[in-house]
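**Student:** Counted from 1, the sequence shown has number 168 at position 168 by our numbering; the numbering is strictly sequential.
Note that these hints are calculated values from the structure, not bench results. Note that the coordinates shown come from a computational prediction; the quantities given were computed from them, not determined experimentally. Just so it is clear, CB atoms sit at the ideal spot from N, CA and C, and this is done for glycine as well. Heads up, some of the hints might be wrong.
What the hints assert, rightly or not - Estimated spans, in silico, between C-beta atoms of each pair:
id	residue 1	residue 2	range
1	394	572	56 to 64 Å
2	378	188	52 to 60 Å
3	143	325	39 to 47 Å
4	149	188	28 to 36 Å
5	597	492	18 to 26 Å
6	239	178	45 to 53 Å
Claimed, not checked - Simulated crosslink set (SDA-like; lysine to any residue; CA at most 25 Å straight-line):
id	residue 1	residue 2
7	368	493
8	111	235
9	146	339
10	28	5
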Amino acid sequence: MYKYYPEELIEEIRMSNDILSVVGEYVKLERKGKNYFGLCPFHSEKTPSFSVDPNKQLYYCFGCGKGGSVIQFVMEVENLDYIEAVKMLAERARIQLPEGDNEEERIIARKKQELLRINVEAARFFYEQLNDKKNLAPREYLTKRKVSGSIARKFGLGYSPEEWDALYNHLRKKGYDDEILLDSGLILKGKNGGYYDRFRGRIIFPIFDLRGNVIGFGGRVLDNSTPKYMNSPETLVYNKRKNLYGLNFAKNSGQKRIIVVEGYMDVISLFQFGIINTVASLGTALTESQGRILKKYAEEIIISYDADTAGMAATMRGLDLLNDIGCNVKVLIIPEGKDPDEFVKKNGPEAFNKLVENALSLVEYKIKALKSTIDTNTTEGKINFLNKAADLLSKIDNNMEREMYIKKISKEYDISQESIYAEILKRIKPKTVYKPLTRTLTAKNDNNRLKIEKNGKKSSYDKIIECERMLLCLLSIDNSLYKVVKDKIIVDEFKDEQNKEIAKIVFKRFEEKKGIVPAELINLAGEETSGVFARLIQGECNFDDNIKAVMDIIKKMELYRLEDRQKEILQQLSSGNLSTEDSEKLKLELKEVLLKMKSI
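Please model the complete structure; the sequences and the hints are all you need to start from.
**Tutor:** Next up, the structure:
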């Protein structure tokens, strides 16, 4: 595979992925003026400081300093390297990438496509088996569970026969070899060298990704034998930590909330009753990747897990995870320990929706969970409960919300609000004074390292680097400025090596009449300094008069270079290691430098 794709192709991919649309899949954005704002997905915050500029196709967070184009956003939010992010965006835009000359990459790409074809073929096989007259038991099971034929078709439900190798023989007849069948996870190799089906005698639940591809399967026994559920293993096309069952339907529900349940049947039963904004985690506790996916499609996430001890622990972990990444989370408590499937069948969708409307907030659920584990009838138990409740309330940022809970607990346990508040204050750490971020730069070499004077002020070197970047940013914002600066700038005089390389590309673009836009400049800057360039473009480089601004920057660059040279000369003169001739030459140069500085 190409280490770098052609610039023209990368730019086509970037332009084909509108940043507002891509970021909107991860962050809820609201328009304020010409830009859009939301809670930053890269650090915890309560007040939106993450901005997206649709005109410049850039994002920037004024809190953590991360910024860039749609490519840098995908790199950060999906934890991908540059090429992986480009590939993901190319797939999103349905742009074909050249395979390059890496045979291993070509093999993996072809294998993924073949695995998806195998999954489709297996899903058809399972569906046909469910509807085969000889397989009455699975249809009776679905009838007993009150799953209609139309819903079974909608979810592609199937049945895996009891035979050891029914699917294996079917897929072999379709021309698939043993190696790829083993890679699919549908087929296992026996101790004696034979092959057999992973799923046997089970209702089959195909698992779809957001694009409608069958990526895996879940299987449930028809009786109460164990294991009750069996799932596909991880494959090249299936990662259970990054997918959710039913999300292909829930994302189009038009609702602002998504309900997370435990089982496939919970999703199916609720869907059948018209509650289509429901998903299930795939046999694991909620992961951060799943949480971020949920955050894309809903303003509110409601968790409805079993009320047993294990279910409560899973709920707590899921709540904390979702809360940490900025989701508005609640817990749905179902009476009598029933699961959503049982409850909705017995009580109907209206009763279930009423439970949803009365779902508990994160704090309410945690307080309720505390009550269930502590005997508050004793003085010792009551003190224990109140101390732990104070721990919870101390973590609430909203003062009105905290006061509401203080009043509730005070009334319920006959203890003054002042006492509870005093305990909470003990637990609240003083907040450090927030200082706006003015620079984000991590350099890999000394050439890019910022130099700060002993008095804490920026050095001339540092100022030159910033001017170089501002010049490049202004040129990307207003291409017509090139005519103004082309005879006044010598690229080889750029102090920063990265800036110099970028300037060469940018100036060449202008000479070739191609031009450049801010998002392209960000891509040229790369991962390390994309945030710095994004900050300059979004903030410091917004001038009323771009021509005056660019001329001022050029003057400053010259002045800072002269200041830098002045210091170098003074250091050399003060060293005492110079010959009289060299000393006189430096003194003469120093006069010239001072005259030039005065004239600027």
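**Student:** A separate judgement is required for each hint: does it hold in the structure or not?
**Tutor:** Outcome of the hint check:
A C-beta distance of roughly 60 Å is found between residue 394 and residue 572, which places it inside the suggested range of 56 to 64 Å. For residue 378 and residue 188, the hinted distance range of 52 to 60 Å is satisfied, since their beta carbons lie about 55 Å from each other. About 41 Å separates the C-beta atoms of residue 143 and residue 325, a value consistent with the hinted range of 39 to 47 Å. Here the CB-CB span from residue 149 to residue 188 is close to 31 Å, well matched to the stated 28 to 36 Å.
Our hint of 18 to 26 Å for residue 597 and residue 492 holds, since their Cβ atoms are close to 22 Å apart. Between residue 239 and residue 178, the C-beta spacing of about 24 Å breaks the proposed range 45 to 53 Å. Straight-line distance between C-alpha atoms of residue 368 and residue 493 comes to about 67 Å, which puts the hinted pair past the 25 Å bound. A distance of roughly 11 Å separates the Cα atoms of residue 111 and residue 235; the hinted pair therefore holds under the 25 Å criterion.
Among the hinted pairs, residue 146 with residue 339 is consistent with the structure: their alpha-carbon atoms are about 15 Å apart, no more than 25 Å. In summary, the hint linking residue 28 to residue 5 is not supported, as the alpha carbons are separated by about 32 Å, beyond the 25 Å threshold.
In summary, the numbered hints that this structure violates are 6, 7, 10.
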